[in-house]
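Engineer: Sequences and hints are given; from them, build the entire structure.
Number of protein chains: 2
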Amino acid sequence: MASRVNDRSQASRNGLKGKVLTLDTMNPCVRRVEYAVRGPILQRALELEQELRQGVKKPFTEIIHANIGDAQAMGQRPITFFRQVLALCVYPNLLSSPDFPDDVKRRAERILQACGGHSLGAYTMSSGIQMIREDVAQYIERRDGGIPADPNNVFLSTGASDAILTVLRLLVAGEGRARTGVLIPIPQYPLYSAALAELDAVQVDYYLDEERAWALDLAELRRALGQARDRCCPRVLCVINPGNPTGQVQTRECIEAVIRFAFEEGLFLMADEVYQDNVYAEGSQFHSFKKVLMEMGPPYATQQELASFHSVSKCYMGECGFRGGYVEVVNMDAEVQKQMAKLISVRLCPPVPGQALMDMVVNPPAPSEPSFKQFQAERQEVLAELAAKAKLTEQVFNEAPGIHCNPVQGAMYSFPRVQLPPRAVQRAQELGLAADMFFCLCLLEETGICVVPGSGFGQQEGTYHFRMTILPPLEKLRLLLEKLRHFHAKFTQEYS
Amino acid sequence: MASRVNDRSQASRNGLKGKVLTLDTMNPCVRRVEYAVRGPILQRALELEQELRQGVKKPFTEIIHANIGDAQAMGQRPITFFRQVLALCVYPNLLSSPDFPDDVKRRAERILQACGGHSLGAYTMSSGIQMIREDVAQYIERRDGGIPADPNNVFLSTGASDAILTVLRLLVAGEGRARTGVLIPIPQYPLYSAALAELDAVQVDYYLDEERAWALDLAELRRALGQARDRCCPRVLCVINPGNPTGQVQTRECIEAVIRFAFEEGLFLMADEVYQDNVYAEGSQFHSFKKVLMEMGPPYATQQELASFHSVSKCYMGECGFRGGYVEVVNMDAEVQKQMAKLISVRLCPPVPGQALMDMVVNPPAPSEPSFKQFQAERQEVLAELAAKAKLTEQVFNEAPGIHCNPVQGAMYSFPRVQLPPRAVQRAQELGLAADMFFCLCLLEETGICVVPGSGFGQQEGTYHFRMTILPPLEKLRLLLEKLRHFHAKFTQEYS
Ligand SMILES: Cc1ncc(COP(=O)(O)O)c(C=O)c1O
Ligand SMILES: Cc1ncc(COP(=O)(O)O)c(C=O)c1O
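Top line first, the protein sequences correspond to chains A and B. If you read the first sequence in my numbering, its first letter stands for residue 207, the second for the next number, and so on. If you read the second sequence in my numbering, its first letter stands for residue 207, the second for the next number, and so on.
To be clear, the hints were calculated from the coordinates, so they are not data collected in a lab. Since we're looking at a predicted model, the values are computed, not measured. Careful: at least some of the hints might be erroneous.
Note that identical chains are pooled: a pair holds if it fits in a single copy or bridges any two copies.
Calculated lysine-lysine pairs in the DSS-like style (CA-CA distance at most 25 Å, straight line) [said to hold, decoys possible]:
no., residue 1, residue 2
1, K225, K497
2, K264, K689
3, K311, K579
4, K696, K682
5, K548, K263
Structural biologist: Written out as structure tokens, the structure reads:
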């Protein structure tokens, strides 16, 4: 460092200085972070939107953001009950308004009672409002057929993202070959790869099996682990179920096998279950890792460490902007759990409106309450439409030559494989782009459709994919799928 | 690692396994984190509250939380205008209600227009809603007497905490003696020491001068920097102004000197200005680092790197639970700024209600608008009461023998020095406690008053302090100060 310092002093005497913080001197782990969902494609989409506003002529009139699982941005309407309760919490004068049902008022009062100074404006405990942690625990118990959940194992968070980062942060340790290795599915939700880069942990890829509708393959998991042992200390296994970007829903048998594997191999399990209500395919069903773990009995139930994540951003809620989430930890070492509580206390607390929303998610109106009927109808409508859109997506894509799309069993995405002609691959190479990035950029420029290239999520070498959400309104989605199909045909022709 | 793995396999055959994640195997940086504001004192306070609820007899009837700057938890009422606008944003059906003033409706509509799907439930850009970034930039310009601010240099955040952690995360690099060193004031707000521990950066203490009302002393800064150069690469200088926990407000001359120092020594400046509206003392005034920097002209104005932080949690707002904040970066390397944008995109976006609140803070009702009068009155009332409480605190403490309290010029805390009799220090030692921790615990057990020992913020060896917020309502605060004074007298007698 000494010479750099002297350089600076020298420069200083001339009144000129380099920056303290440059690409060369900044945190190298941060430099390595990539996050495709908001990467170059989105940047270009934003530029195009700007140009459209300025009146520049384009072959389309609007950008369709099918790049991110943001339901309300695509027109999904929030659940009335949630927003009514929240409005009363925000502005309690409304508690005396005749325009809100009784159960809405009771609910808002109950939440306010649990807040410091009876206000959403007070900090809460760092792990979240105790009453809400208890409500979450009861929700988990109901969901899991009565298997107990301890509120003290529930930590509310700033969206699931925050909780995932917190748990990973606890798990990262070691240097060189002893660095923590984290097994993640490929394709993955890129929060995982980004977090591992930021935390300087070792990413260990296991490939999902596209030929079996993106199922998790135990042999592949074993291969990945075996090979990783040479270069790191694998300690964590991440699973996303229902899957993003794959739309796959795991069977109970698969989950059991994964748990057995994690136990045998000494891996901490992280189960990302933010799409737990988003299951559409006949024969598919959501099984929580916690439930399966507990039903497997000892030693799994009593020893296997697990963290399971949920969020208000997905399912039928789509309340992404409120940043509500939670993690339930199971069989976590008590001392480590204290360390986790300490770590999150530095950030003070998760946003209280997000906590309040989570409370309503885990504790929706009961059948006897005035808001029940409307709540139920709104919820069903959202989920039924998503199911229809999942089906439509699979159908239209699979009618297109050169596109193959696995069934969208759950979550909110399709991840079709596209054949790209060799000349397109070559052209991309010349441009220094991944071939599917080139395809997605061309698609965007010509149709205004914004999807994310498979390379942002990971894929088998030599295959090309893109991720598209199923969130646009049904008729718009139909148009979009048609447009995409036509574009692919034209693109294929152009580069053949 | 190999032997551990074998141990596990061995144990596995017996059906018994150690945990994957233990104190020994967890992230050692996380273990080193300490956060006094929510440390053992708060834990004990919560237990006592539990006991009170269960009917256990105590020498007090309630716990008074003077440990954390949480205004609304202590009874401060939120600003009506803020909450009205937010309620309409949350539940837009209210836009047609006759019960809300026109400007409230216009404001809510304007915010909703800027949201995806016109809903708070959509993700926003990771740096925040562009319109709000523009409003923030205009606020900064007004605040700084017309000095321009670029909206693209403003990043909204999840409270100021989040933005501070993000900027530190960018700055951390190097190994061994090349590790990034960060200069922080002592006493400090413990977010800083906690963040540095978590990020494995080197904490470099510079002591504020208690004899000069906690002023920043340039000679001391120079000493700290000089000594630190042997063990790390000091690259960052943090300043908290107005000060937490000191209540000190920096003079313009001091700020100029700090900027010159940072420039000469090649330090990135971080200015924590979350208390910018909390200035009470006559003759004291808030000067933003940005303004002073710009007015100093080149080379400072054109080259010195600065990040300045603000929040909706403090000042007259006290909206801690919404987790709204921002950072403005000045003279940051353009490439690094792109890296910062990428880093925050992994967490998707700051909570949208917090962003909306920030928008109202930087863009309050104009004198011509219907909500102006009430807004102004509410704002003034909060600030006037805080000023009265600041004065009262200083007064009462300084009447007490053995307690010395500097003037609370700004922020929300007093940090009085207490004399502790040698026998108390000895008793604390026997119990393995810091002497001021022992004092604060005794105070809590006997009076229910919860304050944080000075050791949690840092202090000169051999001196003892505690931090107490000035937030309890005036009459309650008076009682509390009296109680504290009496307790100190009694404690002194008991251990003399
Ligand atoms: C699999 C998965 N996990 C976690 C998240 C994070 O969601 P949030 O932070 O909004 O709760 C997402 C968001 O898309 C996701 O798809
Ligand atoms: C000096 C200082 N900076 C930053 C913060 C963080 O505030 P928030 O994250 O609520 O904006 C606090 C909170 O007390 C503080 O005192």
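Engineer: Look at each hint and say if it fits the structure.
Structural biologist: Each hint tested on the structure:
1. Taking the shortest Cα distances, K225 and K497 sit within 25 Å of each other only across copies (20 Å), while inside one copy they are farther apart (53 Å).
2. In this assembly of identical chains, the alpha carbons of K264 and K689 lie at most 25 Å apart only when taken from the same copy (15 Å versus 73 Å across copies).
3. Taking CA atoms no more than 25 Å apart as the test, K311 paired with K579 passes inside one copy only; the shortest distance there is 17 Å, against 30 Å between copies.
4. In this assembly of identical chains, K696 and K682 lie within 25 Å of each other by CA distance solely inside one copy; the values are 21 Å within and 75 Å between copies.
5. Taking CA atoms no more than 25 Å apart as the test, K548 paired with K263 passes in neither setting, with 55 Å inside one copy and 30 Å between copies.
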